[in-house]
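Dock chain one against chain two, each of which comes alone in its own frame, and use the hints as you go.
Protein sequence lines correspond, in order, to chains R and G. The numbers in the numbering used here rise by one with no breaks, and the one at position 153 of the first sequence is 153. The numbers in the numbering used here rise by one with no breaks, and the one at position 119 of the second sequence is 119.
Keep in mind that a hint or two might mislead.
To give an idea of the interface, some chain G residues facing chain R are shown, with a C-beta separation under 7 Å as derived from the structure [unchecked claim]:
| # | residue |
| --- | --- |
| 1 | THR247 |
| 2 | LYS248 |
| 3 | GLY250 |
| 4 | PHE394 |
DEER-style ranges, computed between Cβ atoms [to be verified]:
| # | chain 1 | residue 1 | chain 2 | residue 2 | range |
| --- | --- | --- | --- | --- | --- |
| 5 | R | HIS82 | G | GLY266 | 37 to 43 Å |
| 6 | R | LEU35 | G | GLU30 | 38 to 44 Å |
| 7 | R | MET137 | G | ASN291 | 29 to 35 Å |
| 8 | G | SER284 | R | ILE92 | 38 to 44 Å |
| 9 | G | ASP241 | R | ALA69 | 56 to 62 Å |
Worth flagging that the hints you see were computed from the coordinates, not collected in a lab. Ideal Cβ positions, reconstructed from N, Cα and C, are used throughout, including at glycine.
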Amino acid sequence: MATLASSDKLVRGRAAHRTRPATGRPGAAWALPGLLFFLLFAVIPMVAVGYLSFTDWDGLGTPRLNGGANWARLVHDPAIVHATVVTFVLLIGNVLVQAPIAILLGVWAAGPQRNRAALSTIFFVPLVLSTAATAVMWRQLLDPNFGVPATLPWLFGGDGNFVGTSNGAIVCLVAVTSWQFIPFHTLLFQASARAIPHTLYQAAEIDGAGRVRQFLSITLPQLRNTIITASTFMVVGGLTAFDIVLVLTNGGPGTDTATLPFRMYQEGFTSYDMGYASAIAVVLLALATGLSLLLVRVTGYDKMQSTLEGL
Amino acid sequence: MKRVLVALAAAGLAVALAGCGGGTASSAPEAVHFWTLKDPTNEVQQAGIDTFNKTAKAQVVMDVVPSDGYLDKLRTAMGSNRMPGMFFSWGGGPMREYATNKKIVDVATLPGGADIASHFLPSVLKIGQTSDGTLVGVPCRGTQPVFLFYNKKVFAAAGVQPPKTWSDVQSLITAFKGKGITPFALAGQGGNEWTELMWLEYLTDRLGGPAVFDRIQSGDASGWTDPVILQAAKTIKAMVDAGAFGTKFGSVAYGAGGSSTLLSSGKAAMQLMGSWEYAVQQGSSPDFAKNSLGYVPFPSVEGGTGNPADVVGNPSNYVSVTTTADAATAGGYLQSLYSDDYIKGLVKMGEVPVTTNAKDALAAAPDPAYATFQFELVQQAPAFTQSWDQALGFKIATPMLAELQKLFNGQQTPEKFVAAVAALK
Chain R
1 MATLASSDKL VRGRAAHRTR PATGRPGAAW ALPGLLFFLL FAVIPMVAVG YLSFTDWDGL
61 GTPRLNGGAN WARLVHDPAI VHATVVTFVL LIGNVLVQAP IAILLGVWAA GPQRNRAALS
121 TIFFVPLVLS TAATAVMWRQ LLDPNFGVPA TLPWLFGGDG NFVGTSNGAI VCLVAVTSWQ
181 FIPFHTLLFQ ASARAIPHTL YQAAEIDGAG RVRQFLSITL PQLRNTIITA STFMVVGGLT
241 AFDIVLVLTN GGPGTDTATL PFRMYQEGFT SYDMGYASAI AVVLLALATG LSLLLVRVTG
301 YDKMQSTLEG L
Chain G
1 MKRVLVALAA AGLAVALAGC GGGTASSAPE AVHFWTLKDP TNEVQQAGID TFNKTAKAQV
61 VMDVVPSDGY LDKLRTAMGS NRMPGMFFSW GGGPMREYAT NKKIVDVATL PGGADIASHF
121 LPSVLKIGQT SDGTLVGVPC RGTQPVFLFY NKKVFAAAGV QPPKTWSDVQ SLITAFKGKG
181 ITPFALAGQG GNEWTELMWL EYLTDRLGGP AVFDRIQSGD ASGWTDPVIL QAAKTIKAMV
241 DAGAFGTKFG SVAYGAGGSS TLLSSGKAAM QLMGSWEYAV QQGSSPDFAK NSLGYVPFPS
301 VEGGTGNPAD VVGNPSNYVS VTTTADAATA GGYLQSLYSD DYIKGLVKMG EVPVTTNAKD
361 ALAAAPDPAY ATFQFELVQQ APAFTQSWDQ ALGFKIATPM LAELQKLFNG QQTPEKFVAA
421 VAALK
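Same shape as in the complex, but just chain G (with noise of 0.2 Å):
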């Protein structure tokens, strides 16, 4: 009987060891952990908690999360009992979710919480409501809408303008090719599948205006059949086989040693990415960031109904409160985001804040050209579009982004790729 006893207690003990591996010690016991994005804009946000940690009574610690499966991880320390207190996302239809399973809570109802939405421009906080406008995500950076980056040398050597219209983006794809260079750097790597929506989104709301994705995202799987679709699928593959892309975009990855560096070095001589671009420049290549880094407009596309001027990427980053954050703590922090310290912060790492006091900050950016660029693209634009992987939730937007990438490496037809997405429940 003892000895059944001892290898009950010795069991019963290795298990309590095991179950202990794995978790992360919190620093004091109510400290409320943020887990944001890993990329360069991580020091305006460290600097905002140092100056918020000063005076409060519970800490606010920033948990760096690499962006590769950022999301995933969320989503799994979300269904679990270890949640973050706080966590940055891009709004939209994952967010949601999290306040339909009551996992994340109503803005207003923290201490200090009432008045925060004053403070964000409405397009913007849009994103960061539910659909009966219950806000449960602030906006913590500068709105990203998506353009047209492009290398100034590249284009200088090669006697060349950046394209206006869609007959422009033709004639220079031929042109870059014969210099050997690829026109367009594309991240097309597996679990880069966002890079390559852009083309798709850009084309669709050219072709057909922001009412075609508006129908799609309401919930109607038939408006993927709608004929502007299956012609921005065509446009895509037109564009492969054009050899726009170059051919060994399937190998590449966004960021700093990828597609980023492809563009940086003359290798590619544009890139259709968010307004980050800028931020990921200045960090590995801040000569090039400096003096070469041009961009545009996304080009009108001849015969589409869409409004020109019309944007697509993410209105912003948001961020949300958790059930098990202290609600003090995390109502305090969230008064920081719209704090003159915190919007100079943004401004001076190239973001475009979305407060109702940005305006007047954007002359002091690094490169005023820039953030007025971006804050005109948004201000002037009719719809801005919401990245649709963000906006239609993981279980549409996986197996979406599965098909566009065989669109993009030719395994799929434009017309299957429409009848497959189409299919999707």
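Chain R with its partners taken away, still in its complex shape (with noise of 0.2 Å):
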């Protein structure tokens, strides 16, 4: 009896799979949309950009190929030199002070505390402004004839020309930069961090574990995923950083903040030379994929381990 019922589910379980249309598993069809955008989005500009780098180009006529010529310039031009070092400043400043704030912010806004609630939101807002308008509006807060530093001299030191000078203009840089995004990051520790089992800080207390242990010992490899994903997201980001710097400081002083993108848009959109410009950018595009693939290679995040094993 027992054995006539089973095969009897069998059958009829056989028998609806066969009737009832394909919906299980997803076609190719369905990736096509999203195919489109990116080809048309993103590797046809690529392929058109790689093209271009091998072109004399004004933007007004026709492109003309001129061999490597735009490559040859690259490889020699100190000012392209000058431009990635000053991207990588950039970029490792602030990945030191965005990573360490947006960790404890994330762990305590993750938190059960009073106010959490209401001083996270208001952490932020600085996330949902423009960086066009953020940007204009620290150039103000910085300017030294009629803001803050004019106001409050005893702040920036000496004449208040703290933006001004290539140093100040870093740090600004990197100041505004890491005020902007700091949120960005916080919030995704904080939701990694709640994800973090209550029963491991329970166990960890009963063995008689601090805060400080208890963060170091389990928040922090807990949240290894996340930092990787969170560098990732700074590293790129802070290579194609662009729209700050054209405003704050517009490459200055001088050409002290000229970040290749910055770069890339002087060649391309001030002096007209297309060819040089897109030579730049495929510079960028293949550091950028480099640095990510590389990140991704030497923390191990490729091979999808979790956090939870053997939980």
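Structure below.
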């Protein structure tokens, strides 16, 4: 009787499967809209930029192939070397400032404290403002003649021209970028910290671990994957950061804060040397892709290991 | 198969929607969009357009573009299929490039266009013409020579007179520095290099005359190695080192809220600027513009071979007509640029029109003395050199301005500045 019932169920199951329309696994067509978008707005422009980097084009006439002239110039251009250095200084500065603050804030925001929700909302505000608008605001705040330095000279020292000095401009760029993007990374860390099982902390408490020890031995290792995600965002975002440089310092003083994307813009849309600008764009593309791949490889993120293994 | 079709249709729709974004819908199908720079004189242009539109078959619509990056935006639009119908520019090199690429039309071929040239002063028209004399830009503003503005109150309080010679300049620098006043307001922030260029232009002219730049403009890059350029660069460095511009000019932009406010508030004593400074001051500090804004020609430089009556600046601004504009509308509008009403409007804004009938209108200026000062300055100038960045075109001007800013910032020696600009191609 029992065997009969089970085989009957089996038959019914098979029949049911056969008659129902096939909805189970997504077909290749499901990816089409996404693929088309990617093709139109990423692959085709990238191929076009690659082609333009071998041409001489002022944006008005017809691009003219000039062999590797742009690339030969790029390799020997001291301005590009300088721009690369500036880009990496800003990049490293941003990661060093943003990551620790965002982790601490995120873990704090994941807790059950009073006022947490209200304060978190306030911290979140810079992220919802547009970069151009915040950069304009900061430029006016930092203006040595009419901004805060003019009113509170002791705060900035000297003549108050902090944003007009080489080092000061870099500090300002890092500070303003961090001010804007720490909330985003905080959000990532908050979500991730919320997901850490409470049992881990309870066990640690029984073993007599203090708050610092718990943070170092449980929270940080559990946040590993999020730290990698956040750093990738910071690195790629840092490489392509352009709007803030344009508005806050315009690459100045002189060319001291001219990053690679800024140089690309200048070559393309101020000097109208689209070919050379395209060559810089290709370098940026390769750098960003290479760095994110490297980051994923070095950290073992590609192994897709869960931090919850063994729990 | 059906699913594939639906997916394709959805993707196609999405692409079509994305393609729609960013475009500006024109208010009437045949309207001619006129891109112009945002400044106080827009008022006069708008009034002229309103008058023109009352009787015109197709409308002219003025699109006001902020001055930051105006030329970049124009250039990008001109390279696309969304060209404006008409646009405002400084004439010279960049405008001629558009003509070379057949983006703008010969004004004489427009309906009623053949007669336009006869209404303007030939020396000013020259900048609106290509090298073979084809008129592709019609003057639409006053002439804009560059000269020295000063704050009369600050000068009176210090008991000094505006400079007539370079040694006057040097003693004024010392005098104002001693009082904690910046001698010259200078906009040295990235993107404002053109204000620094005025110093190089005038010093070069005073030291060596207009021939030095004529040689460079003709495409002879070795013209930069003329000893006069090095001497001008050295003079600039000496001024910066003497504190002529203060220490914070690298964070100052031009205009209200920047260098012009430094001048009007008395934080700075003088500013080397184009004649439009009057309109800027009138817009932001009307009292100052009326009572305390003084002006004198650029001082002579002892030992220089240039004529102290020479002028640099923008001979005028120019309207060019692109191939996309309705020819009858554009031609009609260009003829309104020398109408009595338009000329009176310009004069009222403190501008000095460059039409043949301008001289009589100047008496009606709100400040006839200022208008006459400019008119005579230009009229008596043996040479009127166009701003170098406008004359040279982007490809040379952009890196040249970057090198110049480094010279002002003390990041480049005069010798290296000359070597760097001479290497530009």
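Do the hints match the structure? See the list:
Interface hint at THR247(G): satisfied, since its Cβ lies 5 Å from the closest Cβ of chain R, which is below the 7 Å cut-off. The beta carbon of LYS248(G) comes within 4 Å of a beta carbon in chain R, closer than 7 Å, and the hint placing it at the interface holds. Among the interface hints, the one on GLY250(G) holds; its C-beta lies about 4 Å from the nearest C-beta in chain R, closer than the 7 Å criterion. Because the smallest distance between the Cβ of PHE394(G) and any Cβ of chain R comes to about 5 Å, under 7 Å, the interface hint for this residue holds.
For HIS82(R) and GLY266(G), the hinted distance range of 37 to 43 Å is satisfied, since their beta carbons lie about 39 Å from each other. Checked against the given bound of 38 to 44 Å, the beta carbons of LEU35(R) and GLU30(G), roughly 41 Å apart, stay inside it. Range check, MET137(R) to ASN291(G): about 34 Å between beta-carbon atoms, so the 29 to 35 Å window is met. A beta carbon spacing of about 42 Å between SER284(G) and ILE92(R) agrees with the range 38 to 44 Å that was offered as a hint.
As the Cβ distance of ASP241(G) to ALA69(R) is approximately 40 Å, the hint placing it in 56 to 62 Å is violated.
Hint 9 from the earlier list is the only one contradicted by this structure; the remaining hints agree with it.
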